[in-house]
Amino acid sequence: MIIPAEKLTQYNEYVEALDLLDEESRFEYIIDIGKRTDKATFPPECMDQAHLMHGCMSKVWIVHTQEDGGHRFRGQSDAIIVKGLVSMMTGSFSGLTSAELAKVTLDHVRGLNLGALTMQRQVGMMAMLKHMQKLSQRADLSVAADSN
Amino acid sequence: MNMIPQTPNLTGHSVEGSFDVERIRQDFPILSRQVHGKPLVYFDSGASAQKPRAVIDAMSQVLENEYTNVHRGAHYLSQTLTDRYEGVRETIARFINAASEEEIVITRNTTEAINLVAATYGRKFLGQGDGVVVSAMEHHANIVPWQLLRDEKGVKLKVAPIDDTGVLDLDAYEALLDGNTKLVAITHCSNVLGTIVPAAEIVRLAHDRGIPVLLDGSQAVVHGTVDVQALDADFYVFTGHKLYGPTAIGVLYGKAGLLAQMPPYQGGGDMIAKVTFEKTTYREPPYRFEAGTPPIVEAIGLGAAMDYVTAIGMDNIIAYEKALLTYATERLTAMPDIRLFGTAPEKAAILSFVQQGIHPFDTAAAMDRAGVAARVGQHCAEPLMARLGVDGTVRASLAMYNTTAEIDVMIEALERARTLFG
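Line by line, the protein sequences are chains U and D.
Sequential numbering of the first sequence, starting at 1, is according to the numbering used here.
Sequential numbering of the second sequence, starting at 1, is according to the numbering used here.
In short, the hints are calculated from the structure, not lab data.
All clues given are correct.
Here are some chain D residues pointing at chain U (derived, C-beta under 10 Å):
(1) GLY37
(2) PHE361
(3) ASP362
(4) ALA365
(5) VAL376
(6) GLY377
(7) GLN378
(8) ASP391
(9) PHE421
One side of the interface only, derived from the structure: several residues of chain U facing chain D at Cβ under 10 Å:
(10) LYS35
(11) ASP78
(12) ALA79
Virtual Cβ for every residue (Gly too), placed ideally from N, Cα, C.
Produce the complete structure using the sequences and hints provided.
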């Protein structure tokens, strides 16, 4: 299965924007996204243990909801750079079904071309992706259990 | 030429003393590389130090021309390399002034050395209700092995507190040395705060009550002269890779009388005297604790690192690093948004800090962009972070090859971090 292109609009915008920037500007771009995340609404009550993603050097919270047949995510962190990264990940891959999310791979993360930009960024972003995949699968199982 | 200051000035160009840092830097090939288009500023030596050419060459030389297994070969290569390998044991003994090379057990690292003591001495001599005293500023490597022993044997972990400057509370420590305490295992120098503890006094207080002492010298052996006989330490442990040597080699010093009473750690080749299916007997220390093929090339590398440090002179290194620490402390404390942890009067050139209102991860990322390699997080000292009331810190750990000019680069990076994230 291929992920429909219209579902990756935000992801492709990030790819194109980052492609135009040099390394230093990419660093500042992510910081800008991180700062903008603060202006979006992330429910403060969701910055709790239940939504905490374990294993990060900074704290990362991800909230999952389901809308229009797709999974939606919002992310938050206590570090601005990580806030930028989690915002890019949740923005890029919201709206996908579980099956589509499962097709998102390390290649997509590499496609953002964050290269040598931030410390342990690819490992961290892959961990975010895996967490989102897990949340979507768990939600599907929960729906299936309710309908049985 | 950037000669080393007796008293550092604020420009990064100072000029007295007998220590030529530019010459030292030329001995470390990696220091000439760039990171993100900027000269590498390596402030992560507390995690692992860079290697001088002497170490790299010594290891290459063995691999290219002398390599074989040691101890049991009947051939020329094995005999000559065994001589060199065992010669390193003598070098290590001299480096920490052990009474004999037979008191030097070669391990993988500090962690293995502490686990070895816990699993052999600890299992044999400690039991239900016996206390092990550690400090509030231990690395996990000097906490978890004792917790494993606690779970197995029921020993109790007792924690000697520190004050807000990072100084060990000696009175509280002494109070923990009650009739139940059977071992003290304490860091000689904190990997987070840089605090150098009064090790000889710690040992004396314990010995007055007949309690043996293990000192974790992972950081201390890099930043100061260690004399295990003067300290009267019963066990002294450290790792090679922080001492400008390779990874995968560490040292357990143990007094001969104690090592002789300890059972083997791991079983296998090299550590046995005679093996039959019915009964096996073991060699004398230190070989009893060294099962299997040892880290041969790494040992040669560690020997070369110790020779290198000795040739420069530990007193020169101490004086230079003290000047660096003074300068870095002055520059950091002059920044209103920096909170520095660890201001003990006796401390090594390790600086842990946070920038007010900025996550340590972001601070370290801004430093990284400037080419400054530092560590961020809990530094394998989670209980200490809880004591300090922070989730983590940025740690700049300096070494003999760093300069005041590099400290200036870090300060500029911190100023930029404030602009970016503040």
